[in-house]
Amino acid sequence: MSNAPNTAGNERFNAEAANWDNNPSVQEATRLAYETLRPLIENLSEKQATTGTGVDVLEVGCGTGLLSVRVAPLVREIVAVDTAEGMIEMLKAKTTLPGSPRNIVPICKLLEDPEDPVLPPSDEKHPTAGRRKFDLALSHLVLHHIPDLRPFLQMLLGCLKPGGRIALTDFEDFGPEAIKFHPKSKLEGVERHGIPRQWIEDLLKEVGFEQVKVWVGWKLDKDVEGWEDDNGSHDGGKKTMQFPFLVCEGSNPLRLLCFVSWSVAPNSVLVWMSQIIHIGHGTISNRRIVDTTEVCASVLSIIIRKNPHLHVPQPGQCYALSWGYEFIWLTPTLY
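Numbering (the UniProt record's numbering), first residue to last: 1 to 335.
Rather than coming from a laboratory, the hints here were simulated on the basis of the structure. Among the clues, some could well be false.
Claimed, not checked - BS3-like cross-link-like pairs, simulated, lysine-lysine; straight-line CA separation at most 25 Å:
#1 Lys161 x Lys222
#2 Lys239 x Lys133
#3 Lys222 x Lys186
#4 Lys184 x Lys239
#5 Lys180 x Lys133
#6 Lys186 x Lys109
#7 Lys222 x Lys184
#8 Lys186 x Lys161
#9 Lys219 x Lys239
#10 Lys47 x Lys161
#11 Lys125 x Lys180
#12 Lys47 x Lys213
#13 Lys186 x Lys133
#14 Lys47 x Lys92
#15 Lys125 x Lys184
#16 Lys109 x Lys133
Stated by the list, open to error - Distance ranges between label pairs, derived from CB positions:
#17 Arg102 x Thr53: 17 to 23 Å
#18 Lys125 x Asp148: 20 to 26 Å
#19 Pro127 x Leu97: 26 to 32 Å
#20 Lys125 x Gly158: 20 to 26 Å
#21 Pro162 x Glu11: 36 to 42 Å
C-beta: ideal position from N, C-alpha, C; glycine also.
All chains, full assembly: derive it from the sequences and hints.
What follows is the structure in structure tokens.
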């Protein structure tokens with residue numbers, strides 16, 4: 001099953017793009033989402049500041065960028081993706097206005113692959129290399145439009161740096177009344193009437209996220225119309241209902257690889273440990289793997305909290321071991 005949003009829904013968003021920001025309910029839901037997520041983003045920014053790098057954010061289903069423009073001042077850059085061309089055109093127009101953030105990258109695309117060429121490269125000097133990985137992935141009022149959330153969440157996981165986080169917000173499926181979040185005339189393209197809390201928590205864990213937490217971040221008072229009241233009649237007026245919104249958090253596991261190569265000299269082993277950012281074509285974290293035949297007398301001593309049993313490979317072989325999360329680099333020593 002595809003994670004592609006319903007085509008009819010996409011046509012609706014294109015048609016409504018020009019007036020999207022005039023909807024008070026949309027504005028209020030976005031404001032509440034930002035106020036709820038702001039402490040998380042500021043915390044990430046403070047941590048990144050200690051390393052001299054800013055926070056890179058991916059927002060999927062950005063719409064006209066109502067959340068993007070709020071988040072942008074807190075981060076290094078935000079890549080804002082949406083499938084509706086009309087929405088992206090509105091966002092592009094916003095970024096040209098005086099005083100608007102200049103660190104928003106609008107992209108019109110159905111994002112299904114973490115290595116999609118439309119995403120910025122991990123190395124600007126090598127644009128055909130792997131795609132950039134992000135510190136944080138956001139989506140707001142998107143999950144209920146996606147037919148199959150599993151591939152969507154797997155894609156988000158693949159877009160994150162090790163230790164990167166997601167913060168996805170959508171209204172909760174609290175029972176039969178949740179269907180009234182949308183008017184009857186706008187149900188086409190809606191795949192589910194809110195997100196069941198336990199279900200999404202279990203799914204995030206199954207996909208591979210760690211530190212999963214799903215909680216009610218705020219409640220939105222929203223006018224509903226076009227639905228029968230409790231006695232089955234239509235009074236033609238509006239009714240206000242309260243809709244709880246879930247915040248779905250999780251992190252990409254911080255995996256470490258230990259590459260071990262055994263040379264022809266029986267007591268010469270090089271242990272090279274690095275946080276995974278991108279593995280492929282002979283690179284670890286975009287650095288070339290050291291040719292251990294040239295440094296067979298060196299060893300990088302590592303203290304690690306979870307130390308597995310090391311099986312020595314045959315001469316010339318190289319294999320990877322998954323080790324613990326906490327480590328300390330020490331000065332390389334010679335045997």
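**Q.** Numbered hints the structure breaks, given as an ascending list
**A.** 1, 2, 5, 8, 11, 13, 14, 15, 18
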